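*Asks:* First residue of the sequence shown: 208, per this note's numbering; consecutive thereafter.
Misleading hints may appear alongside valid ones.
[Said to hold, decoys possible] Straight-line Cα separation of at most 16 angstroms, EDC-like style, residue types lysine to aspartate or glutamate; simulated pairs:
#1 260 <-> 232
#2 342 <-> 307
#3 391 <-> 435
#4 477 <-> 459
#5 474 <-> 459
#6 280 <-> 241
#7 383 <-> 464
#8 280 <-> 232
#9 301 <-> 232
#10 256 <-> 297
#11 286 <-> 334
#12 324 <-> 334
#13 286 <-> 215
#14 298 <-> 335
#15 383 <-> 459
#16 301 <-> 254
#17 398 <-> 457
#18 400 <-> 457
#19 286 <-> 299
#20 398 <-> 425
#21 327 <-> 299
#22 260 <-> 215
#23 474 <-> 355
#24 283 <-> 254
#25 394 <-> 358
#26 286 <-> 335
The set of hints was computed from the structure by calculation and includes no laboratory data.
The structure presented is a predicted model; accordingly, all values stated were derived computationally and were not measured.
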Amino acid sequence: MQSLEIKEINADPSFNCRGVIVPLDVMPLATSIDTPTGLLEPIVVFEYKDVEKEETGFVYRLVCGFRRLMAHKVLKRTKIDAVIRSWMSEKEAKLVNVTENLQRQDLNILQEAKALKHLKMLGLSRDETAARLGKANGWVQVRYTLLELPEVVQEAAGAGFIKQQDIRALKTVQLKYGVSECIKAAKAVKKHKIAGYKIVHVPKPQNKVTKRVRKPYEIQNINAQLIDAFGTTLASRCLAWACGNITTSEMELTVNEYAKEHCIPFKGFKI
208 MQSLEIKEIN ADPSFNCRGV IVPLDVMPLA TSIDTPTGLL EPIVVFEYKD VEKEETGFVY
268 RLVCGFRRLM AHKVLKRTKI DAVIRSWMSE KEAKLVNVTE NLQRQDLNIL QEAKALKHLK
328 MLGLSRDETA ARLGKANGWV QVRYTLLELP EVVQEAAGAG FIKQQDIRAL KTVQLKYGVS
388 ECIKAAKAVK KHKIAGYKIV HVPKPQNKVT KRVRKPYEIQ NINAQLIDAF GTTLASRCLA
448 WACGNITTSE MELTVNEYAK EHCIPFKGFK I
């Protein structure tokens, strides 16, 4: 651990998955640091190569500790304790930044989803992301799904009105009935949460889709489309649909998630 000049550290907000941090965000932390105990955990940086130092005007790139660094600036400190990771590449540093933030307990589900988006942009698959974070694939997928919902729904989730179990249901509504119906359903959920209902279900549009045993020609139609697009990997899900255990919307959501994961074009079933 070393004491570094703050002016030599590049705290680029675009590098931090939490985005821009303003002084008001760190006032309690600054108060905590300005005690005899001081900074409990050093920040993490990596040292730029000589060429990068000339290009950026900085010596170090901040990896972890954006809030801690801002708190030091609020206190008008000129130095901060840091751990230097000279071995890190830009990509590895980004992975560490996102992973550290996701392991914190104070992120809401929307912040977690946006952090996961950074990992996805770095080329990590859902399975790789789940393994790196020690989370279930479903935990990762539901946050990917949240980012596919309208912004107003995302904000409601970030505020705590839309729970994990609601997100998949809202995605099904969006796929089957469109964005406007999805927003309408999300607003209904939020309204019930504000009213104090303990158990809230995502309302379905009036044209209710019922679960039923499919006719042979329907099974052949969907199965042919699946085999043509994906091979036989979704056969078990298709059989569940054929037996009436899941709705067409649920089947379509499964296929849509699979298609996105494997970058396969899929525009929905033609029934």
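*Asks:* If a hint holds in the structure, say so; if it doesn't, say that too.
*Replies:* Structure-based check of each hint:
Between residue 260 and residue 232 the alpha-carbon distance is near 29 angstroms, which puts this suggested pair outside the 16 angstroms criterion. Restraint check for residue 342 and residue 307: the C-alpha separation of about 14 angstroms stays at or below 16 angstroms, so the hint holds. Annotation: proposed proximity of residue 391 to residue 435 is violated, straight-line Cα distance about 35 angstroms (limit 16 angstroms). Straight-line distance between C-alpha atoms of residue 477 and residue 459 comes to about 11 angstroms, which keeps the hinted pair within the 16 angstroms bound.
Straight-line distance between C-alpha atoms of residue 474 and residue 459 comes to about 10 angstroms, which keeps the hinted pair within the 16 angstroms bound. Taking the CA atoms of residue 280 and residue 241, the gap is near 12 angstroms; set against the 16 angstroms cutoff, the hint holds. With a C-alpha separation of about 14 angstroms, the suggested pair residue 383 and residue 464 falls inside the 16 angstroms cut-off, and the hint holds. Proposed proximity of residue 280 and residue 232 is supported: the alpha carbons are some 12 angstroms apart, at most 16 angstroms.
Taking the CA atoms of residue 301 and residue 232, the gap is near 22 angstroms; set against the 16 angstroms cutoff, the hint is violated. Under the criterion of a C-alpha separation no larger than 16 angstroms, the hint pairing residue 256 with residue 297 is consistent with the structure, at around 11 angstroms. Pair hint residue 286 plus residue 334 does not hold up; C-alpha atoms about 40 angstroms apart against a cutoff of 16 angstroms. Proposed proximity of residue 324 and residue 334 is supported: the alpha carbons are some 14 angstroms apart, at most 16 angstroms.
Annotation: proposed proximity of residue 286 to residue 215 holds, straight-line Cα distance about 10 angstroms (limit 16 angstroms). With a C-alpha separation of about 15 angstroms, the suggested pair residue 298 and residue 335 falls inside the 16 angstroms cut-off, and the hint holds. For a cut-off of 16 angstroms, the pair hint linking residue 383 to residue 459 stands: about 9 angstroms separates their Cα positions. In summary, the hint linking residue 301 to residue 254 is supported, as the alpha carbons are separated by about 14 angstroms, within the 16 angstroms threshold.
Between residue 398 and residue 457 the alpha-carbon distance is near 25 angstroms, which puts this suggested pair outside the 16 angstroms criterion. Taken as a hint, the residue 400 and residue 457 pair is broken in the structure, with Cα atoms around 25 angstroms apart against an allowance of 16 angstroms. Distance hint between residue 286 and residue 299 is unfulfilled; the C-alpha atoms sit about 25 angstroms from each other, more than 16 angstroms. Between residue 398 and residue 425 the CA atoms are separated by roughly 38 angstroms; this puts the pair beyond 16 angstroms, and the hint is violated.
Note on residue 327 and residue 299: the hinted pairing holds, with a Cα-Cα distance of about 14 angstroms set against a maximum of 16 angstroms. Taken as a hint, the residue 260 and residue 215 pair is honoured in the structure, with Cα atoms around 10 angstroms apart against an allowance of 16 angstroms. In summary, the hint linking residue 474 to residue 355 is supported, as the alpha carbons are separated by about 15 angstroms, within the 16 angstroms threshold. The suggested pairing of residue 283 with residue 254 is violated, with an alpha-carbon distance near 23 angstroms, which exceeds 16 angstroms.
Taken as a hint, the residue 394 and residue 358 pair is honoured in the structure, with Cα atoms around 12 angstroms apart against an allowance of 16 angstroms. For the suggested pair residue 286 and residue 335, the alpha carbons sit about 37 angstroms apart, so the restraint of at most 16 angstroms is broken.
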